[in-house]
Amino acid sequence: MSELLEIESDYQNENFEMGSLNHGIMQTRIASQLFRDERFTVIIELSLDASKIDLSSFGLKAKDELKPDICAYPNTVKRKRRDMVKMPEMPLLVIEIISPSQSIDSLLAKFDAYFELGVKSCWLVMPSLDIVDVYSQPDQHKSFDMDDTEIIDEVMDIHLPIQKLFEW
Numbered sequence: 777m778s779e780l781l782e783i784e785s786d787y788q789n790e791n792f793e794m795g796s797l798n799h800g801i802m803q804t805r806i807a808s809q810l811f812r813d814e815r816f817t818v819i820i821e822l823s824l825d826a827s828k829i830d831l832s833s834f835g836l837k838a839k840d841e842l843k844p845d846i847c848a849y850p851n852t853v854k855r856k857r858r859d860m861v862k863m864p865e866m867p868l869l870v871i872e873i874i875s876p877s878q879s880i881d882s883l884l885a886k887f888d889a890y891f892e893l894g895v896k897s898c899w900l901v902m903p904s905l906d907i908v909d910v911y912s913q914p915d916q917h918k919s920f921d922m923d924d925t926e927i928i929d930e931v932m933d934i935h936l937p938i939q940k941l942f943e944w
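If you want this note's numbering, it's the 1-based position in the sequence shown plus 776.
Because the hints were derived from the structure by calculation, they are not lab data.
There may be inaccurate statements among the hints.
Dumping the calculated DSSO-like pairs for lysine-lysine here, alpha-carbon to alpha-carbon at most 30 angstroms [to be verified]: (1) 837 <-> 918; (2) 837 <-> 896; (3) 837 <-> 862; (4) 854 <-> 828; (5) 839 <-> 854; (6) 856 <-> 843.
Computed Cβ-Cβ distance ranges for the label pairs, DEER-style [what the hints assert, rightly or not]: (7) 854 <-> 879: 29 to 37 angstroms; (8) 853 <-> 921: 30 to 38 angstroms; (9) 879 <-> 815: 30 to 38 angstroms.
Just so you know, these numbers come straight off a predicted model, no measurement behind them.
Even glycine gets a Cβ: it sits at the ideal position worked out from N, Cα and C.
Construct the entire structure; sequences and hints are all you get.
Structure below.
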């Protein structure tokens with residue numbers, strides 16, 4: 777019974793974000809583009825162990841884990857014989873795709889926590905606006921839209937053709 781209450785509590789605390797059509801398509805398109813880059817292991821919806829910091833200091837309701845839409849590790853991260861439920865090592869890149877039930881402020885608060893945990897770069901993807909903001913630091917970002925040919929992440933040395941993400 778207590779497990780059910782914990783699951784319900786997690787749901788209410790936004791640990792389980794509801795997806796949407798645009799969110800799901802965008803998540804798939806970005807991950808498939810990043811997957812082509814052999815420098816990275818790309819993982820979707822991975823739980824990250826954030827117990828080293830107090831997430832409430834960032835205004836987050838989550839207790840000790842964060843779950844980005846997409847993350848990228850160096851290609852040295854390989855499949856484990858025994859699966860990991862919560863990853864202790866932080867990824868190099870985290871990508872959050874805003875869905876109708878989320879606010880930009882809540883995702884920016886997560887970015888503050890990600891940077892505090894050692895993530896090098898964070899992307900905020902806004903499918904309804906065809907915009908990607910690439911954050912190299914909490915208060916430093918570049919915006920890319922359909923007037924640009926590429927999304928450029930200088931920290932990660934990533935160049936993705938923006939039309940491949942938004943033209944569908």
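Hints violated by the structure (numbers, ascending): none
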